[in-house]
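Protein chains in written order, with the working numbering: chain A, -3 to 227; chain W, 484 to 1218.
Everything labelled a hint here was simulated from the structure, so no lab data went into it.
One or more of the hints may lead you astray.
As the list claims (entries may be wrong) - Rough simulated footprint, nothing fancy, chain W against chain A, three-plus residues with beta-carbon under 8 Å:
hint	region
1	101 to 109
2	204 to 214
Stated by the list, open to error - Derived pair list, reagent style DSS-like, types lysine-lysine, alpha-carbon separation capped at 30 Å:
hint	chain 1	residue 1	chain 2	residue 2
3	W	Lys672	A	Lys30
4	A	Lys213	W	Lys1046
5	W	Lys932	A	Lys213
6	A	Lys65	W	Lys672
7	A	Lys30	W	Lys606
8	A	Lys213	W	Lys812
9	W	Lys1134	A	Lys213
10	W	Lys1218	W	Lys1140
From the three backbone atoms N, C-alpha and C, an ideal C-beta is built for every residue, glycine too.
Below are the chains, spelled out letter by letter.
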Amino acid sequence: MRVSVITFPGSNCDQDALEVFETRGHTVHSIWHKDTDLQNPDLVILPGGFSYGDYLRCGALARFSPIVKEVVAHAQRGGYLWGICNGFQILTETGLLPGTLLMNNTLQFICQHQYIRIETANTPYTHGLRVGTALDIPIAHKEGNYFIDEPGLRELQDQDRIVFRYCDADGNIAPGTNPNGALDDIAGICNTTRNILGMMPHPERAATDSVSSNDGKQIFRALEDYFTTRA
Amino acid sequence: MTGTHLTAEVIAEHGISSEEYTLILNILKREPTWVELGIFSVMWSEHASYKNSIKLLKTLPRDGDYMLAKAGDENAGVVDIGDGLAISFKIESHNHPSAVEPYHGAATGVGGILRDIFTMGAKPIAVLDSLRFGNPDNPMVKHLMNGVVDGIADYGNCFGVPTVGGEIYFEDSYEGNPLINAMAAGLLKHEHLAKSAATGVGNIVVYVGAKTGRDGIHGATFASIELTEESEEKRTAVQVGDPFLEKLLLEATLEVIHSGNVVAIQDMGAAGLTCSSSEMAGKGEVGIEIDVRLVPQREIGMSAYEIMLSESQERMLLIVEPHNFDAVKAIFDKWDLEASIIGKVTPDGLLRVLDAGTVCAEIPAVSLVLGGEAPVYTRELTVPEYIKEVQAFDQKTVNEPKNYSETLKTLMASPNIASKRSIYRQYDHMVQINTIIEPGSDAAVVAVKGTNKAIALSTDCNGRYCYLNPYEGAKGAVAESARNIVCSGAKPIAVTNCLNFGNPYKPEVYWTFSEVIRGMSEACIKFATPVTGGNVSFYNENPSGAIYPTPVIGMLGLMNNVKHTTTQYFINAGDLIILLGKECLDIGGSEYLKTIHNIISGNAPIVDLDLEAELYQVTLELIESGLVSSAHDCSDGGLLVSVAESCFGPKLLMGAKLNFTISGRPDFALFGEAHSRIVISVKPDVLSEVEQVVLNHKFPYQIIGQVTDEDSFVVNDHIAIPISELHKIWSERLK
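Full structure from sequences and hints, please.
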């Protein structure tokens, strides 16, 4: 795959995403937010971090960066677009995904290992994975408490667009398994055409030999499989 | 230029003694101007000049096999780790700012230490925080602690460096004067090592980063006085940080250093523009001339005095050859940062400050800086009264507990021992995807990208030990941090220190300082871990007296192959639990004595340096031979706390059944805090190999029990508790 990772001022997980895709053998490009050429990617990553210091509101300023126009066009053409953590916040701020991310109900930043359950295999990112599988994917955010209005939530549920939910090691949703108060335990969602994924947990932090969980590799592998079979 | 006639009050307000003022008159051969007085005030403050500590600091071992930049040479020490790579690391205090403004005080503490690291051309890869507060149940302490933790979290998380470890202690002596020590480590290629000495007459002085405001004026002087009831009014001496700007400054700084267009660079930390310009000139034996009107300013109407003394954050000073300025500016433009020419390098050795072309200060740079002509003092020493009293304490008068299970539960719930997870989970400890061992184990282990190597980092100091016996306490701080590094599978290679003490003009305080230096020096020589730098923080007092002497050690370890990474957690039921080391026979200074018997007395645990060094050899040999499942040092709370903590795996609780002979008093053996002990677990089928290694070193050991998969923690006939209950007590105390 050709993968382009956008760097906004304040992005800090851009290098991690580049490293993971590069070690998996993909052609990667680091794209500065003032650029206007995406380098013809198959997949665009909006990485984690604190774009523009998260001043005003998380992700609120990044959407005015010159490159974002190109990112939107890429997604509208059906290209893959994956926002992780701050990237998910940017996706909701740009309106590419519905809902919003409020401050955690603990009112604190939380960095920890977190199990999430695969809720649908009907996305490029979860293609071929068994629904109900629990993956250990670290979270690290202060504003990850997903919220959407009642009709919006029903639409997500009815259209099978909730991709990940917070759970325990056995895939159960129980008191205490939701770390931030997210509505309906939502950890990640996709758009109606299923090419855009936004999620708070960081699969790139669970996909290399140095780190303690390798469950993130399942998501990267699923995406690669989907891409190969489709091509 | 003529000086201003300054009254004795004004001079005293600047913290300058009458002898020092006479020295100033001799240097200048006239009265100083207002700006000059301000400059001398901050440069000769304790914080910048080390005037009361430098003589003793010079007795610490500073050279070793791995050193690329020694203590005092640069902003931070630099240690070679092979493969053309090096680690730059340092620890610094931000105690007084955090006491009056916990959020920004702690945040800018992290910001300052990060700048020290990336000024060297290194990319920060890890932060640790060593914190000390009063009683955590006191609402004022809670407020301070929440502010400090928030400040560290917001700054480090936004900046994008993992906060991988540290420590938190609670002792009454820190009430009102908390200790906030931040450590950072960065990775660099040898060829990117940046220098701070200004060279090349005619080169330009370039100011980059944030604009200058009125924040932090006299911060260095503020750090050099005791906190009083009125300290709250000094809030304007506390700086305000902007981690987003610092992140941009990091990227731009590394880019500009790597471009080869920088002759010298230094960050503006304590004493701001004054300190960076005079130190760069002093080190390079040249002069620097700057015009304050060329400095980008955030506020209107700032005087030359204010601009020179401001401690606004996220600023750097560069020396650049004139023809490279456009290239330098282009890099800062890319990151939307200012880069302004504010002066030039001159041949006359003077720090000359102009205000719109008019000279307002002209001082020989060398007279301002450490190692130059800044004052150096030897202070008086007196052994404090309390020392005799605590050393006379007879531990045999302490009653043996009737119920060992209850005693252990009480200890596990002591704030000093209880889990710190509620705090470290507020810090991003995984960004950069190098974190091999996450917070909670003995030392943090961080992979070195592109190699098979990893570094291990730990901070340690038991202030209570240093209060009871500063010499042994300091040896113990070095020993414990090295032991933590060894338990993770790495070899200790270098030290940075943060020396937190009371007022050095009190002879009793100064005696503890000199004893600490003596102990630290001996331990660092024995373990071949030179002191690469750090910082001294005096005047840590509150209305009820000085803090415990607290020499925090930040230890760097190197692991040549990440496969040797070891944690403290038991992993296999059936593994044998072995105590490397002797039975503990003393309880002086222990958490047990304090928490259970309400006594802070006795002698600190004595460090037998030969035994301790041998323990490192044995443990590393066992780990590198692949014989060890887990390794955890014995420290706060003693042997049983150590074994219990090994049961508390992050994903899985294990049980333990201990059955072993105790020759002395059981409570001393189980809860005493003797050094030179590590608890390991090994598979039964490698026991003979393990014993062979230990016997070859003639090292004392005892097989004390077995790891189980049952929900129980059993110790001889003394204790039987469900491990889940112990875990709950331990994990919920600081929630």
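Going through the hints against the structure:
| no. | hint | result |
| --- | --- | --- |
| 1 | 101 to 109 | holds (count 6) |
| 2 | 204 to 214 | holds (count 4) |
| 3 | Lys672(W) - Lys30(A) | holds, 29 Å |
| 4 | Lys213(A) - Lys1046(W) | holds, 21 Å |
| 5 | Lys932(W) - Lys213(A) | holds, 19 Å |
| 6 | Lys65(A) - Lys672(W) | violated, 38 Å |
| 7 | Lys30(A) - Lys606(W) | holds, 24 Å |
| 8 | Lys213(A) - Lys812(W) | violated, 42 Å |
| 9 | Lys1134(W) - Lys213(A) | holds, 20 Å |
| 10 | Lys1218(W) - Lys1140(W) | holds, 28 Å |
Taken one by one, the earlier hints fail for this structure at numbers 6 and 8, listed in ascending order.
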